[in-house]
Amino acid sequence: MPTHDARAELAPRDIVARAIDFEIKKHGIDYVHLDISHQPAEFLRAHFPTILSRCLEFGIDITRQPIPVVPAAHYTCGGVVTDVSGRTEIAGLFAIGETAYTGLHGANRLASNSLLECVVMAHSSALAIQADLANNPYRPSAPLPVWDESRVTDPDEEVVITHNWDELRRLMWNYVGIVRTDKRLSRAKHRIALLRSEIDEYYANFRISRDLLELRNLVDVAALIVDSACSRRESRGLHFSRDWPDQLAIARPTVLARQR
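In our numbering, the protein residues as written are 28 to 287.
Hints were generated in silico from the structure; no laboratory data involved.
Just so we're clear, the structure is a prediction, and the values are computed from it rather than from any experiment.
Check the hints yourself; a few may be wrong.
Unchecked claim - Think about it this way: if two alpha-carbon atoms lie no more than 25 angstroms apart in a straight line, the pair counts; the simulated SDA-like pairs of lysine to any residue are: (1) K210 x N232; (2) K210 x S258; (3) K216 x D227; (4) K53 x A99; (5) K53 x P272; (6) K53 x T189; (7) K210 x A149; (8) K53 x P67; (9) K52 x R34; (10) K52 x R269; (11) K52 x R259; (12) K52 x A68; (13) K52 x P67; (14) K216 x A231; (15) K216 x R197; (16) K53 x V43; (17) K52 x M199; (18) K216 x D181; (19) K210 x R34; (20) K52 x P95; (21) K52 x D62; (22) K53 x G204; (23) K52 x R218; (24) K216 x V107; (25) K52 x L71; (26) K216 x L37; (27) K52 x K210; (28) K210 x A231; (29) K53 x D209; (30) K216 x V96; (31) K53 x M199; (32) K210 x D238; (33) K53 x G106; (34) K53 x Q92; (35) K216 x D247; (36) K52 x L37; (37) K216 x T189; (38) K216 x W192; (39) K53 x L37.
All chains should be modelled from the sequences, with the hints used to inform the complete structure.
Okay, here's the thing in structure tokens:
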């Protein structure tokens with residue numbers, strides 16, 4: 028880490044994540060090592076009991092061995108606009124944590140702050156939900172129609188869903204991950220369009236399943252992420268582009284709005 032930033036492991040999470048990503052790609056490895064074995068075992072048991080016990084479950088004793096780590100990608104950090112009670116524009120839908128855009132954090136939130144926000148917003152949202160149910164108990168406006176599946180067939184190739192799901196996950200990690208380029212984003216956009224057409228064709232002809240519905244949702248979210256990333260001509264917070272490494276003097280709006 029000192030070769031990437033003088034603050035080493037205490038640098039902001041975006042710098043640490045990019046440094047790890049750089050070393051993984053440079054050396055063609057799957058992970059880097061985080062070593063805290065220089066601290067006494069008593070210190071680790073007192074300060075990191077959960078990490079210590081969790082690593083032991085995987086056969087890693089962090090008092091003597093380094094921890095294999097990879098960076099986690101925050102594709103939509105602060106993506107869904109909410110009020111301070113977690114309400115979204117959709118009645119009955121609440122969002123908290125890193126999926127929510129509450130206004131409490133900027134583009135590069137810190138881990139401890141986001142955990143604290145989850146606790147506070149969860150409590151606030153629970154109170155708001157209780158109040159909403161007390162004032163407006165849910166009643167469906169009309170009975171739901173009977174599901175008609177007379178014109179669809181049983182899916183005889185479930186592997187299509189599994190394969191597309193896995194391909195989308197790998198595609199987003201490799202092309203739309205922590206460090207991005209215009210070329211990778213363009214490739215991702217092209218492949219996502221092909222995946223969408225395959226999934227839509229499957230959806231129209233086979234019996235619906237939870238996995239298929241979630242796959243359609245994943246493709247929609249992936250397309251929005253790529254389109255948003257393509258429109259950004261800077262690097263800010265958790266978003267870093269090799270083609271646009273500098274930050275604009277004035278931040279552009281980051282919230283997608285429906286076209287009226």
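Quick rundown of the hints versus the structure:
no. : hint        : verdict
1   : K210 x N232 : violated, 34 angstroms
2   : K210 x S258 : holds, 13 angstroms
3   : K216 x D227 : holds, 16 angstroms
4   : K53 x A99   : holds, 18 angstroms
5   : K53 x P272  : holds, 19 angstroms
6   : K53 x T189  : violated, 30 angstroms
7   : K210 x A149 : violated, 40 angstroms
8   : K53 x P67   : violated, 33 angstroms
9   : K52 x R34   : holds, 22 angstroms
10  : K52 x R269  : holds, 14 angstroms
11  : K52 x R259  : holds, 24 angstroms
12  : K52 x A68   : violated, 33 angstroms
13  : K52 x P67   : violated, 33 angstroms
14  : K216 x A231 : holds, 23 angstroms
15  : K216 x R197 : holds, 14 angstroms
16  : K53 x V43   : holds, 15 angstroms
17  : K52 x M199  : holds, 16 angstroms
18  : K216 x D181 : violated, 30 angstroms
19  : K210 x R34  : violated, 32 angstroms
20  : K52 x P95   : holds, 15 angstroms
21  : K52 x D62   : holds, 20 angstroms
22  : K53 x G204  : holds, 16 angstroms
23  : K52 x R218  : holds, 22 angstroms
24  : K216 x V107 : holds, 22 angstroms
25  : K52 x L71   : violated, 31 angstroms
26  : K216 x L37  : violated, 35 angstroms
27  : K52 x K210  : holds, 17 angstroms
28  : K210 x A231 : violated, 32 angstroms
29  : K53 x D209  : holds, 20 angstroms
30  : K216 x V96  : violated, 29 angstroms
31  : K53 x M199  : holds, 19 angstroms
32  : K210 x D238 : violated, 30 angstroms
33  : K53 x G106  : violated, 31 angstroms
34  : K53 x Q92   : holds, 24 angstroms
35  : K216 x D247 : holds, 11 angstroms
36  : K52 x L37   : holds, 22 angstroms
37  : K216 x T189 : holds, 20 angstroms
38  : K216 x W192 : holds, 16 angstroms
39  : K53 x L37   : holds, 22 angstroms
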